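Asks: Assemble the complex: chain H is given as a structure, and chain X must be docked to it using the hints.
2 protein chains.
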Amino acid sequence: MEFEDFIRKTEKVVEEIAAASHGIGIVIGAPIRNPKKEGKDLFNAALLLHEGKIEGVVHKTLLPNYDVFDEYRYFEPAYDWNVIPFKGRRIALTICEDIWNLGDNPLYRICPMDELMKQSPDIMVNISASPFDYDHDEDRKEVVRLNVEKYGMPMIYCNAVGSQTEIVFDGGSLVYRKDGSLFHEMKYFTEDFFLIDLHELEKKAEVPVSASTLSMGADMRVAKADDPAAILNQLTNTHNIAQIREALVLGIRDYFQKMGFAKAILGSSGGIDSAVVLTLACEALGKDNVTAILMPSGFSSEHSVDDAKQLSLNLGNPYHIVPIQSVYETFLTSLDPLFKGTAFGIAEENIQSRTRGNLLMAIANKFGYVLLNTSNKSELATGYGTLYGDMAGGLSVIGDLYKTQVYALAEFLNLHGEVIPHNILVKAPSAELRPNQKDSDSLPEYDLLDRILYLYIERRKGPAEILSMGFEEALVKRALRLVNANEYKRNQFCPIIRVSTKAFGVGRRLPIVAKYLS
Amino acid sequence: MEFEDFIRKTEKVVEEIAAASHGIGIVIGAPIRNPKKEGKDLFNAALLLHEGKIEGVVHKTLLPNYDVFDEYRYFEPAYDWNVIPFKGRRIALTICEDIWNLGDNPLYRICPMDELMKQSPDIMVNISASPFDYDHDEDRKEVVRLNVEKYGMPMIYCNAVGSQTEIVFDGGSLVYRKDGSLFHEMKYFTEDFFLIDLHELEKKAEVPVSASTLSMGADMRVAKADDPAAILNQLTNTHNIAQIREALVLGIRDYFQKMGFAKAILGSSGGIDSAVVLTLACEALGKDNVTAILMPSGFSSEHSVDDAKQLSLNLGNPYHIVPIQSVYETFLTSLDPLFKGTAFGIAEENIQSRTRGNLLMAIANKFGYVLLNTSNKSELATGYGTLYGDMAGGLSVIGDLYKTQVYALAEFLNLHGEVIPHNILVKAPSAELRPNQKDSDSLPEYDLLDRILYLYIERRKGPAEILSMGFEEALVKRALRLVNANEYKRNQFCPIIRVSTKAFGVGRRLPIVAKYLS
Chain H
1038 MEFEDFIRKT EKVVEEIAAA SHGIGIVIGA PIRNPKKEGK DLFNAALLLH
1088 EGKIEGVVHK TLLPNYDVFD EYRYFEPAYD WNVIPFKGRR IALTICEDIW
1138 NLGDNPLYRI CPMDELMKQS PDIMVNISAS PFDYDHDEDR KEVVRLNVEK
1188 YGMPMIYCNA VGSQTEIVFD GGSLVYRKDG SLFHEMKYFT EDFFLIDLHE
1238 LEKKAEVPVS ASTLSMGADM RVAKADDPAA ILNQLTNTHN IAQIREALVL
1288 GIRDYFQKMG FAKAILGSSG GIDSAVVLTL ACEALGKDNV TAILMPSGFS
1338 SEHSVDDAKQ LSLNLGNPYH IVPIQSVYET FLTSLDPLFK GTAFGIAEEN
1388 IQSRTRGNLL MAIANKFGYV LLNTSNKSEL ATGYGTLYGD MAGGLSVIGD
1438 LYKTQVYALA EFLNLHGEVI PHNILVKAPS AELRPNQKDS DSLPEYDLLD
1488 RILYLYIERR KGPAEILSMG FEEALVKRAL RLVNANEYKR NQFCPIIRVS
1538 TKAFGVGRRL PIVAKYLS
Chain X
1038 MEFEDFIRKT EKVVEEIAAA SHGIGIVIGA PIRNPKKEGK DLFNAALLLH
1088 EGKIEGVVHK TLLPNYDVFD EYRYFEPAYD WNVIPFKGRR IALTICEDIW
1138 NLGDNPLYRI CPMDELMKQS PDIMVNISAS PFDYDHDEDR KEVVRLNVEK
1188 YGMPMIYCNA VGSQTEIVFD GGSLVYRKDG SLFHEMKYFT EDFFLIDLHE
1238 LEKKAEVPVS ASTLSMGADM RVAKADDPAA ILNQLTNTHN IAQIREALVL
1288 GIRDYFQKMG FAKAILGSSG GIDSAVVLTL ACEALGKDNV TAILMPSGFS
1338 SEHSVDDAKQ LSLNLGNPYH IVPIQSVYET FLTSLDPLFK GTAFGIAEEN
1388 IQSRTRGNLL MAIANKFGYV LLNTSNKSEL ATGYGTLYGD MAGGLSVIGD
1438 LYKTQVYALA EFLNLHGEVI PHNILVKAPS AELRPNQKDS DSLPEYDLLD
1488 RILYLYIERR KGPAEILSMG FEEALVKRAL RLVNANEYKR NQFCPIIRVS
1538 TKAFGVGRRL PIVAKYLS
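Protein chains in written order, with my numbering: chain H, 1038 to 1555; chain X, 1038 to 1555.
Mixed in with the good hints, there may be bad ones.
To be verified - Derived SDA-like pairs: lysine to any residue, alpha-carbon spacing no greater than 25 Å straight-line:
hint: 1; chain 1: X; residue 1: Lys1526; chain 2: X; residue 2: Met1506
hint: 2; chain 1: H; residue 1: Lys1346; chain 2: H; residue 2: His1453
hint: 3; chain 1: H; residue 1: Lys1403; chain 2: X; residue 2: Thr1379
hint: 4; chain 1: X; residue 1: Lys1073; chain 2: H; residue 2: Leu1139
hint: 5; chain 1: X; residue 1: Lys1552; chain 2: H; residue 2: Arg1045
hint: 6; chain 1: H; residue 1: Lys1077; chain 2: X; residue 2: Asp1104
hint: 7; chain 1: H; residue 1: Lys1514; chain 2: X; residue 2: Phe1040
hint: 8; chain 1: H; residue 1: Lys1073; chain 2: X; residue 2: Ile1549
hint: 9; chain 1: X; residue 1: Lys1073; chain 2: H; residue 2: Arg1497
hint: 10; chain 1: H; residue 1: Lys1295; chain 2: X; residue 2: Ser1467
hint: 11; chain 1: H; residue 1: Lys1346; chain 2: X; residue 2: Phe1376
It is worth saying that the hints were derived from the structure and are not from the lab. Since this is a predicted model, take the numbers as computed values, not measurements.
Bound-form chain H, shown alone (with noise of 0.2 Å):
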């Protein structure tokens, strides 16, 4: 056995909780060990406490080994399946991914509640932690809905909320009637407390299903259906983009106070990029917990400063300002014996940039502070990022918005009056390492690149069917190449808040050394 103190550690805390447990039942999920030798050591299980004692055990059967997921490493996978009696009723208790087999996703022969029928339940609850992304509320209703479809008994689906190092677990737990109306949907991005009335569940709904719910549900496909025209509005609608909010905010939150950090410290560059963090950092930590550093150079706009400074006036954050002019001549000096007759270039760009992770580093290791990263998902996807430099930091707060996300984030974060500032938001992006730089010097516009970097991280699609779809060949050739070279720098990123169905990070593993597609 791995980890042998871990897992007792875990017998011990489901103890305390069982002795907790009079008058009421408590569904919790646990590992439990695999009695036999053949097999992993450990079932991913949900127990029934009831008494001080558990009064029933449920293993998993569908073990996701995909994305984020790793799941079949460490567990067995049940093989066999009982329903639980408790208070006059036959409880067919699931676990997350049990339920998403209805008997046609091709990753799995068995279907859990297939089995369980065969012993007549009433009554479904399923217990899961249903890692969040924009695409994923209107799929949960709908396979809850199918579930009671097929089975004809009402369901309780009982979500985790909070966040777990980049996976944030959104709540929103939902009970459905046996007739596939929704009796009650709980809080999202929050916790949420609710007594459902067995008696009331089981009757029949007064009302028919909301049309408006299987409406929202058709748009959603449509959108996911490809079509380049529709990409845009996909990533940027406000539907999603205010549970991205939502979820990013608990996301900082949770990694603070999980890791027993107060404290952040974060480059404000007066760009659009940091201009949204220090707000979502501000809101999960409070002001006064998040210190932003202003660090101009020669380079920087005159503007930069002074749209940097307005915002954290409007969010009322402490601000210093560090300039890095000195820092930079002093390693150009030291340097100038082996740069000598060379050209201004990528290495004088990128001295200026962690010079700026120095200073950061520097400030959060004499205060005890954690540095918020700023790049964006285009940015990290590309490559255009400085190792060490403006990719430095302890959590990605936007590594998995698009450019055009991160617009359409701060224009919603001004809905209601304005946070950051009007300039902020319509300045052409620029990193402002050489005179009059612009992104759009390096990289396509952001409109065109978001859209062929979704196809190909999000949707999956090889070249040759993206440019099936019409953009430009050596356009997507170049994007593509981009995304290919730059594995090696995303493998030191830090962990990033996943928000989308592909996140950089532990849900998107590809090879450093590799000449595929070069």
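Replies: The following block gives chain X in isolation, referenced to the frame of chain H:
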């Protein structure tokens, strides 16, 4: 299908190789599509190509999903088994892990060779890409021999050679007679070629099985018995250190060759770690392709620069001296408005380390070099390193070697004459970031620390088990707490050439947010 384009490219390459198979049979590995709707899209397959055609296809049955392996994520396991008739013999062709369940491996319920035996094969052929570790060569021979013994027929075991990012494949292909005697053992860590005369192979051995091979196997098993006293021998014995040296040289060479790089840079401090990395890099890439940068500070001991210079004079590689004092002081001046009145501490130490990282990256960016990292496993385990400072780099050469192993490797590299100056071997380890600093100010002595780390990391023992072996409680708690608290640092580290059974990186996945052992 994900990455359809990639699969099409592999199909095209298979066709090209098949077209060359005139007069010979060629066995290669390739992904093959799963024609059924059920199951994952691909099989991990071995193909026998002959006379321009695919003559036989075998799907891999046992798909490892532990440590560095993720095969179950991508592949569907085989569900039928067929011997391939070829030139009058019936070949039982299997892939790597397929021969690692002799009926008693709890991870698997199927034994592919048992299935193939139903079709009366004459000879076993296994193609493997079996990752090297310094504990593995005798295990592998033993498994091949046990298969031969169980099934009573000769076996040709063909292992890959070369490295893929962090994983080294060490070759050492094996041919066994049906009586369990070794017919031929091919070269390790380099490509090799051998023609097997099957009539010769099928003859009985004229000499008994080598006693020395068997007794070496027995020694290895003793050393793996988790005896604290035997651990240092296991880590540093000459047999293992000699293999590690070859693995690291191959790991460096193939990373550069496959990424299309020729030249490396590293910081040469006059310490043991950078001395070993520099020596290995010169061997792998050629001395003219490895530039050493000496970056003394005001805290550097007087010998540091002299020792580092002498090392490069011994090796004959180019070096430059770039002092960091002026950059460091400019950083302090820039930060003075914020740092005024605070004491010298970790922030100031890290500024020095990051200044060095910044200088190395600047030179690397300017001239197209790749920065080799020089951190060792004891440092990485305990977090005794600076993110973006001495933790910077594109490839970690000795990140899977404990400090005691680095010393043993240094002595091994000096076996045929002094390459690494004697003074580097005997001085007390120090980061030289404050006056008279020694590693032992912050860390336990390495011979003690490394044994605890080895038990925790490689042997997966929990704190209770390690304590029961007689180590001091405070020491064990401190060491394990440091390991757990530094997941966030290692999460941003570059790929480490893997030489142990459990390296940091893809094969060891632990959460950053976790409190169970705090």
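Asks: Taking 25 Å as the top limit, are the C-alpha atoms of Lys1526(X) and Met1506(X) close enough?
Replies: 29 Å, violated
Asks: Just to be careful, I want the Cα atoms of Lys1073(H) and Ile1549(X) compared with a cutoff of 25 Å; is the pair within it?
Replies: At roughly 31 Å apart (the allowed maximum being 25 Å), Ile1549(X) and Lys1073(H) break the hint.
Asks: So if I understand the rule, the pair passes when the alpha-carbon distance is 25 Å or less; does Lys1077(H) with Asp1104(X) pass?
Replies: 14 Å, holds
Asks: For the pair we were handed, Lys1073(X) and Arg1497(H), check the Cα-Cα distance against 25 Å.
Replies: OK: Lys1073(X) and Arg1497(H) at ~21 Å, within 25 Å.
Asks: Hint check: Lys1295(H) vs Ser1467(X), CA-CA at most 25 Å. Holds or violated?
Replies: 34 Å, violated
Asks: Going straight from one Cα to the other, do Lys1346(H) and His1453(H) come out at no more than 25 Å?
Replies: It holds: about 20 Å lies between the C-alpha atoms, which stays within 25 Å.
Asks: Hinted pair, alpha-carbon criterion (25 Å max): Lys1552(X), Arg1045(H). Please report holds or violated.
Replies: Holds, because 15 Å separates the two Cα atoms, which is no more than 25 Å.
Asks: Assess, step by step, whether the Cα of Lys1073(X) is no farther than 25 Å from the Cα of Leu1139(H), and give holds or violated.
Replies: Between Lys1073(X) and Leu1139(H) the Cα gap is close to 18 Å, so the pair holds against 25 Å.
Asks: Within 25 Å, alpha carbon to alpha carbon, are Lys1403(H) and Thr1379(X)?
Replies: 8 Å, holds
Asks: Assess, step by step, whether the Cα of Lys1346(H) is no farther than 25 Å from the Cα of Phe1376(X), and give holds or violated.
Replies: Holds. Lys1346(H) to Phe1376(X) sits at ~21 Å (cutoff 25 Å).
Asks: Does Phe1040(X) sit within 25 Å of Lys1514(H), going by the straight-line distance between their CA atoms?
Replies: Roughly 15 Å between the alpha carbons, so the hint for Lys1514(H) and Phe1040(X) holds.
Hint compliance for this structure: hints 1, 8, 10 are broken, all remaining hints hold.
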